[in-house]
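Make the full structure from the sequences, and use the hints.
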Amino acid sequence: MIELLDVTKRYGDKLAVDDLSFTVRPGVVTGFLGPNGAGKSTTMRLILGLDAPSAGEIRVAGRPYRELAGPLHEVGALLEARAVHRGRSAHAHLLAMAQTHGIDRTRVAEVLKLVGLTDVAHTRVGSFSLGMCQRLGIAGALLGDPGILILDEPTNGLDPEGIVWIRSLLRELAAEGRTVFVSSHLMSEMALTADHVIIVGRGRLIAETTVDDIVRKASDGGAVRARTPQADLLQTELVLAGEHVSVRAVARDLLDVSGLSSRQIGEAAAGRGIVLHELTALHASLEDAYLDLTGESVEYTAATPPADSDVTHKREKLAA
Amino acid sequence: MITTAAGRSSSRIGVVTPARVLRSELTKLGTLRSTYWSLLVAGLALGGLGMIFAAVQISEWSRLALQDPSLLTAERSAFSSIDAAVGGYNLAQLAIGVLGVLVVTGEYATGMIRTSLMAVPQRLPLLWGKLTVVCGVTFALMLWFALIGFFGVQAIVASHGVDHALGDPDALRVVIGVALYLTAVAALGVGLGALLRNTAAAISALVALLFVLPALVAVLPASLGASIAPYLPLNAGSAVATAEIGRADQLAPWTGFGVFCAYTALVVGLAAYRIRGTNA
Chain A
143 MIELLDVTKR YGDKLAVDDL SFTVRPGVVT GFLGPNGAGK STTMRLILGL
193 DAPSAGEIRV AGRPYRELAG PLHEVGALLE ARAVHRGRSA HAHLLAMAQT
243 HGIDRTRVAE VLKLVGLTDV AHTRVGSFSL GMCQRLGIAG ALLGDPGILI
293 LDEPTNGLDP EGIVWIRSLL RELAAEGRTV FVSSHLMSEM ALTADHVIIV
343 GRGRLIAETT VDDIVRKASD GGAVRARTPQ ADLLQTELVL AGEHVSVRAV
393 ARDLLDVSGL SSRQIGEAAA GRGIVLHELT ALHASLEDAY LDLTGESVEY
443 TAATPPADSD VTHKREKLAA
Chain B
31 MITTAAGRSS SRIGVVTPAR VLRSELTKLG TLRSTYWSLL VAGLALGGLG
81 MIFAAVQISE WSRLALQDPS LLTAERSAFS SIDAAVGGYN LAQLAIGVLG
131 VLVVTGEYAT GMIRTSLMAV PQRLPLLWGK LTVVCGVTFA LMLWFALIGF
181 FGVQAIVASH GVDHALGDPD ALRVVIGVAL YLTAVAALGV GLGALLRNTA
231 AAISALVALL FVLPALVAVL PASLGASIAP YLPLNAGSAV ATAEIGRADQ
281 LAPWTGFGVF CAYTALVVGL AAYRIRGTNA
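Protein chains in written order, with my numbering: chain A, 143 to 462; chain B, 31 to 310.
None of these hints come from the bench; they were simulated from the model. Yeah, the Cβ is synthetic: ideal placement off N, Cα and C, and Gly gets one too. Honestly, I wouldn't trust all of these hints.
Have a look at the derived ranges for each label pair, beta carbon to beta carbon [stated by the list, open to error]:
#1 B:D279 x A:G268: 43 to 51 Å
#2 A:D148 x B:S64: 43 to 51 Å
#3 B:Y303 x A:N178: 46 to 54 Å
#4 A:H264 x B:D198: 44 to 52 Å
#5 A:P206 x B:S257: 45 to 53 Å
#6 A:E350 x B:S64: 29 to 37 Å
#7 B:Y303 x A:A251: 33 to 41 Å
#8 B:S234 x A:H264: 30 to 38 Å
#9 A:G204 x B:S64: 49 to 57 Å
#10 B:I82 x A:N178: 52 to 60 Å
#11 A:T150 x B:A295: 34 to 42 Å
Rendered as structure tokens:
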């Protein structure tokens, strides 16, 4: 269990975390979502006692991190993958970590095997790829066999095989009754891994919800695409159909309609004898539903041309 | 399986203790190449340079013996085979100081410090662990190299009758003293590293304290400079590594060493204050 109560962190004038409160429970994978710079990494550093909060209280396994007598047995963490001295071998790195808690050498070999680094155990970390560093970081997190795992963007730099491996590992860890807290800036990634999500933006809590809930929202709020040679006529007709309806001409014969279902549009067209060549429900993507929650979607839908540099940039960042 | 029976049962009992942190720091020190390079340079300088200087001196004397016997006598009486034996500390102290700095700044530069602090969140035991391990290893090795240098040099100069036994006045004090001084320099390096958290900054500070300060003081008016000079870190600290004959502008050996230790303690104290209080 990880508990945050009214946590605020200020770096000089900059407010990195703003009055954040949430609880991460055992037995499920909890995703920690937010755009870059939302305060996810800072929050994780605060939980791990690396930085001290300006105000508020944080407890892991019932205590502030700095008061844990054997922290590696309570909490395993992967912050940035490169939190390793590049001149040391993977084995030496883990051994030094293990020795602080009197953990046996055999456990070091065990976690190296678990993450698939046994063959390169005695190679200097400096020659590792980002994916291998990520695996080493996960080995370090699992070293003390902790009940709580905190992982900051663990899929960064992993190949597709590694990503699948991480997903099943996280699910397995949660199924064993552990608390698993994973950050990401990708909703689609979280949809495949997490059960619960905590969404933050600009250091504040935006939503605490389930992935199922977001998926449902995503399939509800979508627009409908209508292709018709009488686009102008249909547009006029639909705009009159209700005050929450918005119609956007995508091409000469193509309209995107929101606020009406496919059925309503079809019936309205038939009523006026308008020929329809296509009527497609456009499901909003998970990312859109997530953007909706973070409030950035307003900006996105408001900007009509997809070439708008600012909005496009934002989308790319989220998809990256 | 993420948890094996062995993993969970044997690992559940572990708590962080100072002895375990020490063990971990020893592993960290022993698994980096930079450690071996620094110690090798320091060891060769302390154990070998003295012998090279002594050999050069001897050949010079052999030449003088033929040309100017009176000058030879004067030179011999001004020569201290004890100081010659440990003279390599001038270079060794730089290698040892850099080792002390790197033990800390290497972790900040690579991000390793976050891993270390997550394992030892009370933080201070980590600093004490690093200090103890670096100082312990430095003292043990440098004492050996000082002894090698001492006996080597005495053997080389024995033919001119200017050699000393370890039991002679000042000899044992200088041999142990040079190892102690280098140990204190290692501690100063660790302290500067933990205080500044940056390799270049900490090494610059070390060089400035040891070598630049004396140059600055030399520019001062002679009377003022002479009263400050004995208290400069290098002059104070190296007093204990110098035989009686060479200490014109220096404090008494153990007084000087005490002053150097006080400077080191001040830097380490500031470092401890910083590591405890601030964000990692």
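Verification of the supplied hints:
Our hint of 43 to 51 Å for D279 (chain B) and G268 (chain A) holds, since their Cβ atoms are close to 46 Å apart. Checked against the given bound of 43 to 51 Å, the beta carbons of D148 (chain A) and S64 (chain B), roughly 45 Å apart, stay inside it. Separated by about 34 Å at the C-beta atoms, Y303 (chain B) and N178 (chain A) break the suggested range of 46 to 54 Å. The supplied range of 44 to 52 Å is met by H264 (chain A) and D198 (chain B), whose beta-carbon atoms lie about 49 Å from each other.
Range check, P206 (chain A) to S257 (chain B): about 51 Å between beta-carbon atoms, so the 45 to 53 Å window is met. Taken as a hint, the range 29 to 37 Å is violated for the pair E350 (chain A) and S64 (chain B), whose Cβ atoms sit roughly 47 Å apart. Between Y303 (chain B) and A251 (chain A) the beta carbon distance is about 39 Å. The supplied range of 33 to 41 Å therefore holds. Hint check: S234 (chain B) to H264 (chain A), Cβ distance near 35 Å, so the stated range 30 to 38 Å holds.
Between G204 (chain A) and S64 (chain B) the beta carbon distance is about 41 Å. The supplied range of 49 to 57 Å is therefore violated. Distance hint check: the CB atoms of I82 (chain B) and N178 (chain A) are about 58 Å apart, consistent with the given range 52 to 60 Å. Remark: the range hint 34 to 42 Å for T150 (chain A) to A295 (chain B) is upheld by a beta-carbon distance near 37 Å.
Of the numbered hints given earlier, the model fails hints 3, 6 and 9; all others are met.
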